[in-house]
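> For reference, the chains in residue letters:
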Amino acid sequence: MAEIAQGLKLFADFKVDCVVVGGVAAGARGSSHVTYDLDVCYSRNPANLARLAQALRSVNATLRGAPRDLPFRLDAETLARGLNFTFNTDIGSIDILGEVQGVGDYQECLQDSNVLELFDNSCRVLSLEKLIAAKRSAGRTKDLAAPPELEAILEHRRRSGTTE
Amino acid sequence: MDKVEYTEAERWLIEPKPGTAAARARDFGVDLSLTVNNLRLTPHERVKRLDEFQHEMKLLREAVRSAKQNGRDSARPKTVR
Numbered sequence: 048m049a050e051i052a053q054g055l056k057l058f059a060d061f062k063v064d065c066v067v068v069g070g071v072a073a074g075a076r077g078s079s080h081v082t083y084d085l086d087v088c089y090s091r092n093p094a095n096l097a098r099l100a101q102a103l104r105s106v107n108a109t110l111r112g113a114p115r116d117l118p119f120r121l122d123a124e125t126l127a128r129g130l131n132f133t134f135n136t137d138i139g140s141i142d143i144l145g146e147v148q149g150v151g152d153y154q155e156c157l158q159d160s161n162v163l164e165l166f167d168n169s170c171r172v173l174s175l176e177k178l179i180a181a182k183r184s185a186g187r188t189k190d191l192a193a194p195p196e197l198e199a200i201l202e203h204r205r206r207s208g209t210t211e
Numbered sequence: 040m041d042k043v044e045y046t047e048a049e050r051w052l053i054e055p056k057p058g059t060a061a062a063r064a065r066d067f068g069v070d071l072s073l074t075v076n077n078l079r080l081t082p083h084e085r086v087k088r089l090d091e092f093q094h095e096m097k098l099l100r101e102a103v104r105s106a107k108q109n110g111r112d113s114a115r116p117k118t119v120r
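For the protein sequence lines, the chains are A and B, in the order given. The first sequence runs contiguously to residue 211 in our numbering. The second sequence runs contiguously to residue 120 in our numbering.
So that you can see chain B by itself, here it is in the shape it has in the complex (with noise of 0.2 Å):
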């Protein structure tokens, strides 16, 4: 696997220093290496992106139900006429 290159600036998200709004939110949980692959894109890039996700989640939760649906019809007993 080839290895990620951070510029200065990018290090300074990645391995912030103590007292830094970076520290901070490292501290809070967020992973900042997602915020630097966002901030490598131009703000179009990265809607398109949030877009895209959010659309494969649509998709995910129509699947879901679907399958769900699809279990309760085949567990309920035939009719028989």
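Looking at chain A on its own, in the form it has when it is part of the complex (with noise of 0.2 Å):
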């Protein structure tokens, strides 16, 4: 099983509430962009802090871009005291966003998202008209190529009365 394949299958096995966002997201909306980590936007609730710093630590999730040395621990105090966090795993990069730009906290993204059966999970995954939203707003460069894109693709989707 590849990483995203194993990323899906953590936050599933482990009961996380989250909605898959950035290039997966984007990938499944049918983008031909390729990514190299998994983004998801989570729940900020106790309880599924708690599943979430549980399931990051059984792949030993490090804060990735941070000096070694740097204090951190994995748990939901320390996810509730922050916001976003990119990691490296030993599943491959999975970056947790409390937040996405353009769009929203989770309960944003959750009215935003349909359910897609992704290798056997049932994963939440954020539509196209956010993800766009999401990606203009972001501005940064390697994200201003994703719209034209993605805007083609909802075009493309409202012509032929497909909806995924």
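If you are wondering where the hints come from, they were derived from the structure by calculation, not from laboratory data. One should not assume that every hint holds.
[Claimed, not checked] Sample of chain B residues facing chain A (criterion: CB under 10 Å; computed from the structure):
(1) P82
(2) L89
(3) F92
Quick reminder that beta carbons are idealized off the backbone N, C-alpha and C, glycines included.
Take each chain as given, in its own frame, and dock them per the hints.
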């Protein structure tokens, strides 16, 4: 099993409430862009933070881009104090977002998502419309390449009457 | 080689009319024939392909790293005892 599959299984196994956003969500919607990490927007409910921390510890998550000696304890309390975290794990790079720029928090992502069956897991995936909003809002050079294709997909979908 | 047959909706992406989102994507440099290929798949198949590609890239990076390491090792002067 490769990294995306393992990441989605990890969140399903630990019953983490999250919505898949970013490049994997764009890929699921039809984008041909390549991504190297799995981004999810997570619920900041305390019970969910505990499950999320447990899930990440099980794959030896460490902060990506942080000095090796930076003290960091991966638990619900630490996650509650921060918002967006980027990790290296045994199963690849995983980014967890408390808030998605241009969309909002978990509840807002949840509202604009639907369930897709990915690798035998029922995963919530952000809608195409909100992916476009997120990428446009982020405004980073790497994100600016995504909206033109996503908008073309949205146009195609409306024209052909398809949902996925 | 077999000629690829496109549906009318796919042709909208492949040969976009001016002023459409597809035309803007094409002008931006997006290869919409790749997008059409993806849209023919189910969401699961799309993510599976992305996952496989990601995995292959990881293997490639590891192979390059290993080759560089071996190159450095062979370039190092041998210790004479």
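> Now tell me if each hint is right for this structure.
Hint by hint, here is what the structure shows:
no.: 1; hint: P82; result: holds, 4 Å
no.: 2; hint: L89; result: holds, 4 Å
no.: 3; hint: F92; result: holds, 6 Å
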